[in-house]
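Please model the entire structure based on the sequences and the hints provided.
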Amino acid sequence: MKNFIYLLSFLIFTSCYYKEEHEERIFSTSKTVSIKGDNPIYATKNFDDTNWNTKKIEGNGDEIFWSRKKIEITQQIQNHKVTGILVFAFGAYTIYWDGVLIGKNGNPGFESSAKKTGSFMETYVIPTHLLEKGQHSLALKRSKIFGKDDERDVDIYIGDYKRLVKQPLLNAVLINILTGAFLVTAIYYFLLYINDRKKYELLLFSIASLLFFLLSIMEYLKFYMPIHYSHFYLRLQVIGVLVLLISFLVPYYFSIQFPFKKRNLFMWIYIVLLLGVFIYFTGEYDLTALLLGQMMWFSSTIIIIYAIYKKQKTAIVILIGLLLSFIVFKTSIYDISLFVSFGILLFCMFYILSDKLKDKRLAFEQSIAQSTRLKYELLKKKIQPHFLMNTLTSLIDWVEEAPEKGVEFIEALAEEFDLLNQVENEKLISISQEIKLCKSHINIMKYRKEIDYIWKDEGINESENQRIPPAVIHTLLENGITHCLPLDNNIMQFKLSVKSSVKELNYTFITFGKVRSKTKKNTGGTGFKYIKARLKESYGNQWEFTSNEIENGWKNRITIYK
Amino acid sequence: MRILIIEDETRIAKRIERMTKEFFLNTLESLTCVHALDDGIEYLKNNKLDLVLLDLNLNGESGFDVLEKSVSEAFHTIIISANKHEALTAFEYGVLDFVPKPFNKTRLEQAFNRIVKKEEVTTENLQFLAVKKRSGIQLIDIKEVLYIKGAGVYTEIYLRNGQKELHDKSLEKLSQLLPQTFERIHKSYLVKITEIKEIIVQTGSKYSIELKNSEILPVGRTKYKTLKEKLV
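The listed protein sequences derive, respectively, from chains A and B.
Residue numbering for the first sequence follows the working numbering, beginning at 1 and increasing consecutively.
Residue numbering for the second sequence follows the working numbering, beginning at 1 and increasing consecutively.
Since the hints were derived computationally from the structure, they do not count as laboratory data.
This one's a predicted model, so the numbers in the text were calculated from it and none came from an experiment.
C-beta atoms are modelled at their ideal positions from N, C-alpha and C, and glycine is treated no differently.
It cannot be assumed that every hint is accurate.
Said to hold, decoys possible - Simulated crosslink set (EDC-like; lysine to aspartate or glutamate; CA at most 16 Å straight-line):
| hint | chain 1 | residue 1 | chain 2 | residue 2 |
| --- | --- | --- | --- | --- |
| 1 | A | K382 | A | D418 |
| 2 | B | K14 | A | E450 |
| 3 | A | K514 | B | D38 |
Said to hold, decoys possible - Sample of chain B residues at the chain A side, in silico, Cβ under 10 Å:
| hint | residue |
| --- | --- |
| 4 | R18 |
| 5 | A36 |
| 6 | H85 |
| 7 | N104 |
Pasting the structure below:
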C-alpha cells in the first residue's frame, strides 16, 4: 500500500512538470476606450478614438455603446496559420477587426427581447490578409443589460486558432478523468455509508469527493459550455462556496481521524476564521480561494503534526502528502495547483480511510476469533480433564458405594451439561439462567467435595433486563469452591446480589468460607481472564470488575455501565 | 507402611484411603490424608513416610512443586491425577507410577504392587534425579550420571564431571525407577552400562569393571553372569 502511494504521488507530482508547448506572444494591446451611441464608422480601422472614454461605460438597457482597442501585431505571422482572437467581454456584441466584421456574440441592442445567447468568452478567426505586422484595431458594438456594477475590461488574446479552441478542451478532458474518479468515489463511499451508518467518516469522505467533483466541474465548465456574461459571477460564487466547504471539510476530516483534545474549540475557531476571510474578501474570487486553500493546508498540517507527535499511524504519510501538495501549490499555476494539491489531499484522506477500515476489519476479525475462543473456553470448562476426570472418579465411587446417590449424581451432571448446551452460543444470558447453571454446578460439587453448599440470591427481577455473559458468575463460583474452605460446620455459602439502576447494573457475588493459603494472592488466572474477555466482548470498556478477600470469604463485584 | 494422601477431592480421597487400607491391611502403620498442598508439604517435613499418593492439580495449584520435593525424598511417590498429559513429565521426575483418573481398585493395586513386590518400572522415562541441596531441590540429568553407590539408607550419585551428589532414596528404590541402561553390578553399585569399558577378572573369582574414566568398581559374584551377558 505504501509503495503504491509513493508511486502515485510520484505520478501526480511528475504531471506538474508537463510543459505546454510554449507559444510566443505575438501582439501587444492598448487600453479599451468606449463611447455611448452608435455609428458604423466606429468600426473602421483608422477611426480617431482619442477623445473616447477610458473608463468603463455602463450600458443603459438595450442602448448601444462601442468599445475600441488598438492592437499591434509584433511578429510576421506565417500565411498558412489560421490565427484567432480570444475575447473576454461582458455584454452582447458584434466584433470588427480593422473594420471587418469577424463575429457576433449575442444580439446587441435586442438583449431584453431575445434569449440570453453568447458567452463571456469567445474565440474568432482573424482574416489572414489582415494580420500583417503593425497596427490594427478591434471594435465592439455592444449592449449590456445585466451586471451593471461588475464589468470587467475587454480582454483579448491572439494566437493559433486551433490551439485557442483545442487546448482548453484538452485540459478539460484530462481534468474530467480525475473528476470522474471523484464522482465514482463519492457515490461508492456514500453507498458504503448507507450500509453502515455508524461509519461517519465514510460520509465525510464521500462529501469531500463530491465537493472536489463539483469544484472541478465548475472550474472547467467555461471551456465546453457557453456561459452567458450574466452568469459569470454566479459560477465564481459557486466555486467560492465549494472551496469554503472543502477548506472546512478537509481539516475536519483529519481531526475526526486523528482526534485530539479541544478539537471542537479548534474547529470552531477555524470556522470563524474561514468565514471571516470568506466574507472579508468577497468579490476577490481567486484570492479568496487561494487564502482558504492555504488556511486549509495550514490547519491540516497542524492536526497532522500533532498526530505525528502522538505517534498516530499513517500521520507521517499524510504529512508527506501535505508537503507535496504545498510544493505543487507553490510551483504551478492556479488551475493546476488547485486540482493537483486537492487531488493529493483527497488521496491522503483516502489513505487514512483505507488504513482505518483495515484496522477496523482486523479488529472485527479478532473479535470474531475472540468470541469463538470464549465459546470454546466455555465448553472446555466441562470437558477439561480436571473437572471431568475428578467428577467421573467420584461418580464411580458413588456408584460403587451408594448406587442411588450415584444416579442422582449422574442426573445433576446431565443437568449441567444440558444447561451449558443451552447457553454455549450466547454472548449474553439472563441472570436466572446463569443462576440455574451455578446451582447445577453446586449440585455436582456437593457429591464430589461432600460439603454443604448453600446458594442465596437477591434482587433478581425477571421483568428487568438483567443479563450477563454466560458462565461468568459460574466461574466466580468455581473459584470460590476451589480457593475457599468450608466454615467449621462444613458449610459453604454463596450469595449473589443484583442491583440495577438507570445508570448501571451491579452484580455482587460473595463466597462465605475460609480463604485458602493466605500468602498467595488470588490473581484468578484463566478464570478472571475469561470473565474480563466476556465482559469486554459484550460491553467494550463499559464495565468494572473487582475481586478481593473479605472477612470470612471472598467478594467479587461486576458493574456494567448502561 | 506409612502413607500420605494429598488429594483435594473429598470423595476421591476417601476412595483412595479405603482402597489403600484394603490393600495394605495390617502392614499399614499410618495413613494420613490432607486436602491442600501446604498441609502436604508441612506433613512431609515433620513425618517419616514410605509412600506419597499425590494429586498434581490441587485447588487450582500445580502439584509439581510438591512433586519435586517428594521425589527427592527417601520414599516413593505415586501420582493420581486427572491430567494424563502430565504423566510423562511426572515419570521424568522419577515417580514410581502414574495412576490416571478415573481409576479402579485393580489399577491402584497394580501401583501398590510395584512397591510391595519390588517390581521394576519398565518405563524408560526417567530423565532427572531430584536431589536436595541447601539452596533447594536440584534436578540432575541422568545423562550425567556414571554410577550410583549405595551408602546405607541413602545413595551417592557419581557424575560425569567428577562430582558426587547425595540422594535420599535407597539404592533399591532408585533401581526401581532408573531405566534399564542402569545395571546392578554389586549390592552397593548401580552402573550405567554404556560407561563400562571392560570386565576385569581377577584371581579367586574376584570380578571388577573398569569404567571409561578408568575408575574400578567391584562386581558381585552373583551379578557377574547377567552383566557379562548384557555386555556381549
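Violating hint indices (sorted, rising): none
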